[in-house]
Each structure stands twice: as structure tokens, then as C-alpha cells.
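Fit chain B to the given chain A structure using the hints.
From first to last, the protein sequence lines are chains A and B.
Counting with the working numbering, you get residues 1 to 424 for the letters of the first sequence.
Counting with the working numbering, you get residues 1 to 481 for the letters of the second sequence.
Bear in mind the hints are in silico, worked out from the structure with no lab data behind them.
Note that the structure is a prediction, hence the values are computed from the model and not measured.
Hints may be right or wrong, so weigh each one.
[What the hints assert, rightly or not] Pairs of lysine to any residue, SDA-like flavour, derived with a Cα cap of 20 Å: (1) K347(B) x D99(A); (2) K347(B) x S96(A); (3) K347(B) x G234(B).
[What the hints assert, rightly or not] Covered by chain B, according to a simulated footprint, are these stretches of chain A (three or more residues, beta-carbon under 8 Å): (4) 87-97; (5) 281-289; (6) 331-342; (7) 360-374; (8) 380-392.
We treat Cβ as the ideally placed atom computed from N, Cα and C, and that holds for glycine.
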Amino acid sequence: MMKSVICAAFIAALGLGAASAQTLAVTNGRVVTNTDAGIIENGTVLIRDGMIEAAGANVSIPSGVEVIDANGGWITPGLFHPHTQLGLIEVALESSTSDAAAPGASFTAAIDVADAYNPAGGYIADSRRHGITRYGVFPSTGRGIIAGRGALASSTGAPDALFATRAFLYVDMSQSGASTAGGSRNAAWAYLRAAFEDARFYPGRFMAHHEGDAINRFDAAALVSAVRGEIPIFMQVERASDIRRAIRFSRDHPAARFVFVGAAESWMVAEELAEAGIPVIIDPLRNLPASFDILAARLDAPARLHAAGVQTAYTTISADLYFNPRLITQHAGNAVAHGASWEDAFRSITLSAAEIHGVGDRYGALASGYAGDVVVWDGDPLEVLNAPVAVVIDGVSQSMVSRQSRLAERYAEQVPDGQYGYRH
Amino acid sequence: MQQTDDRRRGALWPAMAGAFAGLAALGLAACNGDNGGNGSASGNGELVRYNPDPYPSTYTPLPAETVLIQGATVFDGVGGEFENYDVLMQDGRIAGIGEGLEAPEGTVIVDGRGRYVTPGIIDAHSHLGVYPSPSVSAHADGNEITSPVTAEVWAEHGVWPQDPGFDSALAGGVTTLHVLPGSANLFGGRGITLRNVPSRTVQGMKFPDAPYTLKMACGENPKRVYGGQGRAPGSRMGNMAGYREAWQRAVEYRRSWNRYWDAGDASAVSPTRNLELDTLMGVLDGEILIQMHCYRADEMALVLDMAREFDYRVTTFHHAVEAYKIGDLLAADDVCSAVWADWGGFKMEAYDSINENLALVHAAGACAMIHSDHPLGIQRLNQEVAKALGAGRRLGIEVSDGEAMAWLTSNPARGLGIFDETGSLEAGKRADVVLWSAHPFSTYALADHVYIDGALMYDREDPERRTVRDFMLGQPGEGVL
Chain A
1 MMKSVICAAF IAALGLGAAS AQTLAVTNGR VVTNTDAGII ENGTVLIRDG
51 MIEAAGANVS IPSGVEVIDA NGGWITPGLF HPHTQLGLIE VALESSTSDA
101 AAPGASFTAA IDVADAYNPA GGYIADSRRH GITRYGVFPS TGRGIIAGRG
151 ALASSTGAPD ALFATRAFLY VDMSQSGAST AGGSRNAAWA YLRAAFEDAR
201 FYPGRFMAHH EGDAINRFDA AALVSAVRGE IPIFMQVERA SDIRRAIRFS
251 RDHPAARFVF VGAAESWMVA EELAEAGIPV IIDPLRNLPA SFDILAARLD
301 APARLHAAGV QTAYTTISAD LYFNPRLITQ HAGNAVAHGA SWEDAFRSIT
351 LSAAEIHGVG DRYGALASGY AGDVVVWDGD PLEVLNAPVA VVIDGVSQSM
401 VSRQSRLAER YAEQVPDGQY GYRH
Chain B
1 MQQTDDRRRG ALWPAMAGAF AGLAALGLAA CNGDNGGNGS ASGNGELVRY
51 NPDPYPSTYT PLPAETVLIQ GATVFDGVGG EFENYDVLMQ DGRIAGIGEG
101 LEAPEGTVIV DGRGRYVTPG IIDAHSHLGV YPSPSVSAHA DGNEITSPVT
151 AEVWAEHGVW PQDPGFDSAL AGGVTTLHVL PGSANLFGGR GITLRNVPSR
201 TVQGMKFPDA PYTLKMACGE NPKRVYGGQG RAPGSRMGNM AGYREAWQRA
251 VEYRRSWNRY WDAGDASAVS PTRNLELDTL MGVLDGEILI QMHCYRADEM
301 ALVLDMAREF DYRVTTFHHA VEAYKIGDLL AADDVCSAVW ADWGGFKMEA
351 YDSINENLAL VHAAGACAMI HSDHPLGIQR LNQEVAKALG AGRRLGIEVS
401 DGEAMAWLTS NPARGLGIFD ETGSLEAGKR ADVVLWSAHP FSTYALADHV
451 YIDGALMYDR EDPERRTVRD FMLGQPGEGV L
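Looking at chain A on its own, in the form it has when it is part of the complex (with noise of 0.2 Å):
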């Protein structure tokens, strides 16, 4: 019977069920708002063409729609993972299958993911199985510290999956940035201050010739819009002095924004990145002073950053990125064994990724106006062994079933070795 309503349940993924949205409420759960309304105890989310209508203890659910009954466990917002590479990265040891990065090419800023980006990657599916709605992509850097820039995605697996194209760049000034850059961390900075200058006199610079002091004039045009602050710049970087070199930098060129990834060392510069407004992506899982970079990373630093008033979200660096960002309720949950409290925990893999990436008004809270992306759990969500029991994006119900799901039903029970194939 299971394996049934697995198959509805696919099918209906396939195509006839992911229809428009209807009105659809959640109801019967504990609801985790991420508003100034905290969290309601045995509350309804109402979703009104896509989007929710109301979240609250006394929602009055319409007659005639669809109703999805939380039994008592918890209804939050989906999960915004803000730090991924679903749908650029089938095996990573395959780099047939990788389009994470491009060490071969000659572009660096004009990289963008959208034109690799797969809506059906192999692992996107089982991420929204566990609770992730919403992501974002990065590019990996390949000849340059300037890796590219990333897009916004839903886990839908629809074609029309990305949302947001051309909406950051990354660029990599940590340890590994240095040895990009030719060897030393001067060398980046050098070429990341020459890289702005160029997109600054772009296109004055380029009349004469297509090569600039640091980048050529395609890369330089894909530039412009991160100098100008039209588009944030995600800047992986570890050692807290080059978190302080970072932010000095930062001044230097005021238009431009910055938020700092990966950051182990940013509870050490804490004060001031709450003075600069810079936000940090963190994992609350590295305490090992895997490198040089890293002496210092403790497992309470995301505690230490939010106490500090540091906007804050966090990602999954030490698991990875493309196939176990599914694993960003155990990193949140974590946080909170090391002293983080429960809501900046959670709003840290949902509203604040999600205000880093500029969306905030639209994804990461369960309110009036905000998109109908709502996941419901068996219990506490950043309890390892609790799972989502169903999952709304845009007020379309989901399917709960990816290929892992697919494997695990076939061998479930034992049954002669022939009998496997048939098994599907």
C-alpha cells in the first residue's frame, strides 16, 4: 500500500498533479511564522494562488479546498539553503557530470550558472524531500578568483526552477583564493582591485582593446553590476585578519556589498561585521583547525554571531554542497546544542538566507504576501531523526519521492534475485 501512494504520489510529480496552484491549507501543526507572530501552537497556513493568504490560530479554512492535516507536528516555512551546487554536479569525481567550475576557461565574472543549471539534477528531489525549497547556486572559481555568478532556484524540478539568474557574484579571497590567484594572498587582492578598476572604467577602458589590467572586457561588463551594488558579491573567506582586510575593503569601495562565506574565523571579527552590516553564510559544524585558514573555528560561533547582531545564515560546507545540502537542519540544530537560540538557528536556514539573498520579502516566513512555500514535519525539524512529511512550493503540494526514496522501496523487502528488476 506504501509503495501505492508512492507511485500516485510520483506520478502526480510528473506533470498532471504540478498543476497551478489551488487554495490549499496546512493545518492542525505547531506553525513556526519567522514573523513578529512566533510561533502558534495548533495553527493553519492558508495558500491562495501560490502564495500565502494567512498563518495564524484562528484561519478559517474555506470549504472545498485541499487540506493537508499536520497531525500535531510542526508547519514552517521551506528551507532556504543559500550556499549550493544542486543541479551543477551529478558525481563529483566525474567531471563529465561537473559544471561546478571551469579551470580550463578563459571567462571569469561573465560565467553564469543558469546557462549550466540543471532543474532535474539528480539530487534535488531528495533535498526537497527533506525540507529544502529554495536554494541558491554558485560557480566554483576555475582560472580566476572571480568565480562567476550564481542564481536562485526552487526544487521543483520544473524548467522554470530559477527564479533569480545573474544574482551574486563569488569570488574566493581564502586560502584556496590565494593559490588561485598565483600563490599568495597579495596576489588576490591585487588582482580583485585591479579586476574593480577595470569594471569601474568599463567601458571607457575597453575602446582601444579588449583586455583590461586584470580581466577582459566581456568579464568586465558581467562586473559592472556587483561594483555598483546592483548585485551583492559572496566572498569566501576564512582567517579573521583577511575577514578585516575584507571589510576594509569593503569601505574602500562603498557601493559595492559584500557578505562573507564560509567565515570560520568571523566570531573574532564579530563587532565589526555587525558595525560594517555585512552578513556571514557559516557552517556551525567546522571546529577543526582543518587549515591554516581556520585555527580558530569553534562550534559556538554562530551563537557568538548572532549574539553580536551579525546577519547570519548557514550552509553545509563540511558536508557538501550538491548532494547532503539536505543536511542543513542537523548543522542548525547544532548551532542551538552550542548555544545559539532555537529561532536564530532556524531562521538562519530559512528567512536570513533568504534576506542575504534579497528575497526576504518573498521567501523564508509563513505571512500574508509571502510565497506558498510551507514544509510540515513529523516533529521539531532540527531533531536528526524527524523528517518533512510533505512539502508546498508556490502552494503546489510535492512529491515526496526522489530516486534515493525509488532504491530504498525497491530493496525494502528480500525477494529473489530476479525479482529486483521487476521491482519499480
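Here is chain B on its own, set in the frame of chain A:
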């Protein structure tokens, strides 16, 4: 590039990793050790034998008080869960568990009410010490990537006892860990089982009398590493040929030694010692335990036939991402699987990773356990088990919390041949104990106390009761979790 260190390491690890375990003169069996390990022959009429334990454990437990934990929820590691139970540790051993235990005068009483007690966690697959933090090139001592068959190397000869990862693992409740060479080679070398204690030497960490192990590796790693150099193995066919060729040499080597010993003629010329084949002979003699890195179900099935062909036993398949496909075969051959909760996708042989793997193998009646293979994962194996348990239950597999607790305690102890000494809370065993702030399957649970042989090695409330490796002294991350 994708950020940093850990993930890169993660990807490479299973990749490069592999490991080895080493030699073991154990095969040489019945060594009397009289001649100091160099086999100096027989002038005095003795047969040539070699010392099987030339780098002996010098581990000495730290001073332990008599401790009574009262009123806790106790998991014994072998299926039991008991409310309002006491655990008494005396002379470094478990003196008893039960309700309302009497304690001798002077016993340290620990209030366990609202808290949980488990056996010390055992990680069956770690590279702490051989791939320590920081992971600079000078620290890469876990793979002897110079030949596909290096059964002669020993992980303990590459362990850096100052790896800060040992300290973090202790805070996560790990009291015993098995350090393996990586998986670059078909035969990676000997693994070593360690107490998670601070020491200036690896000998000071060695688990007394734990059997040696031998790391072997299936699949992509050996064929990629050597095929890429234009050497064998360059395919899975070459992997199997490489194992079989080595086992055949070991069979003949063992035969020649047995013939020499059986003849009992001290004036005869002994066979020439071969360190590589010493280890393989130890496996054939049943004294060294095979720990084999293997992802795919079909490869594991071939390896099981190979073990029959050469008459040895595979103790544990490591990673075993597709073990769930052949739970019946693994159960029939009594082979354990040491798995992750949810790693996958990093290479093709990890493509069919499912979160239900551990629970499905357990349900098939085979021995299953969690493992970390990672310096961060080892810090929260309780959470890894909880994830695997939750996934299994959602598939409809009924497993109690008590049964699942075996996945990080007694089952790894069995897989390492140390279950008589640790891995469960049973009277007479080493007092390796963790006191948790909450149910250990909660994300929010932290180890409050960690005891090794009854000694309080870690106390979350006491910064002084916390190990700090040399590397961390004076560093900005010194002494913090």
C-alpha cells in the same frame, strides 16, 4: 573552488583512502618472542620465529575513582534501555548496572537524573592521526601510494598523536577508535585500534591486545590511482587479479613456514621473512581481521567468493554503500558493514547511497554499524545513528533505540575483535562510559562526562578536564569545542 578543507578531504578520503593495515607477524604464529623480534636464528637450537608485537602498547589508564552514576536512563549497548538505572565504575571496570546500586564509601556520586548513559562510542573507521588537522601535505601519512600491494605498512607508524581531532572526538563521546590506512591500494596496510587518550607516543594509545587489522580496498580508488599511472590495476578486473595474486603468494609463504616449523629442525634454513606476506599470513591464520573498503554490492559478493577461494574471512566491509542490496549475503557469511548515514554522490560507486542502508542491513540480520571516516563526523556518531534510525523507521523497519545503540558501541567492538573488553555496559568490562545531557539521538544532546577505563577524561563543565593537543596550545581555537 568549493570551500576548503573538510569537504575536499571528505571527497578525497574515501577516494584516497583506503588503507591499509599491516602486517602481522602474528601469522608467524606461536612466536615465543625470545629472540627479540629479529628472528636471530637458532644457534641455540631454537626455530626461527618473529615477535608479533614489536611495538607493544604502553597504554596505562589514568587514575580512576569509584564512580556511581545514579538514576539515569541507561543504554547497555546490547539492546537494553533501562529507566532510573545506576552505573557503578570501580577499579576502571564496570562493577554493575541496575536499580539502586550500593556504593562503597568514598564513591563519587554523579546525579544522572534526566540524563542518559551509554557505552563509550567506538568508531570503526577513522583516519585521525594519519590524516590529521591541519591537513597540510606534510601530514598526509595515510596512503602509501607507491605500490598497490603494501600490506607491509602499518597505520600506527603514521599516526601523529598530537592530532587535535582526538580531542574533539573525545568531546563527542568517542573512547575507542580504529585508525586505518587509506584506500588507494588493494592492500593498504595494517590498521590499529586506539584508546582515545592523550599520549606522547602512539604506543601509549594502543588498545592492549586488540587484534591487528588489514585494510583492503575495492573499486574505483586503486584502479584510478594506479591505472592513471599506466600500472596495474587499471580496472576492477585488475583489482581482483591483484588481490588473488597476493593471496596466492601468501598461501605459499605460509605453507613454507608451516613446513619449516612442523619439521622442527633448528638446523634447517628458515624461509626468508617477507613483511608484506607476514601480514597476509596473519589473515590466513585468522589473527588479523580484514577491514575492506567496498561500495558496490556486486563487488562485495565477488570478494566473499574470493575469501572462500583462499580460505580467509572478511570481518567488515567499510562504507558498504550498497550493502542494503545484499543484506542476505552479508548475513549468511556473518560479515559486518560499517556505513555512513547519508554520504553519497562523490563518486560513481557512491551513487546509490540511501539513508536507509544501515537499518536495512540490520533488518536483514547482518551486523551493521556506523562509522565516520571523518574528523567532524566522528564527533557526533550518535546523530549519525539517529539519522539512519529515523530513515529506517520511516521505511517501516522496527528498531528500538536500544538496538540502534549497538550501531555505535557493541557492533563496532565486535568488528574490531574487542567486544570482550568494551562496547557494552556489562560487569567486568572496561568502564568506557558516556553521560549525556539528553537522549543521545537528539541533536541537542552533548556529552557531559566521558570516562575511559573509569577515568573521567572529559567534563563539559570543567575546562581543566579536557585534553588539548600540543598543536592547539597558543592557537586562537585552544581548548574550545
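Quick rundown of the hints versus the structure:
For the hint linking K347(B) to D99(A), the alpha-carbon distance of about 15 Å falls within 20 Å, and the restraint holds. Under the criterion of a C-alpha separation no larger than 20 Å, the hint pairing K347(B) with S96(A) is consistent with the structure, at around 12 Å. This hinted pair checks out: K347(B) and G234(B) have alpha carbons roughly 17 Å apart, not beyond 20 Å. Restraint check on the stretch 87-97 of chain A versus chain B: 6 residues with Cβ-Cβ distances below 8 Å, three needed, restraint holds.
As drawn, the stretch 281-289 of chain A meets chain B at 5 residues by the rule of a beta-carbon pair under 8 Å; at three or more, the given contact holds. Given as covered by chain B, the stretch 331-342 of chain A passes the check, having 5 residues with a CB less than 8 Å from a CB of that chain where 3 are the minimum. Using a Cβ-Cβ cut-off of 8 Å, 0 residues of the stretch 360-374 of chain A lie near chain B, which falls short of the minimum of three, so the contact claim is violated. Given as covered by chain B, the stretch 380-392 of chain A passes the check, having 6 residues with a CB less than 8 Å from a CB of that chain where 3 are the minimum.
When held up to the earlier numbered hints, the structure conflicts with hint 7 and nothing else.
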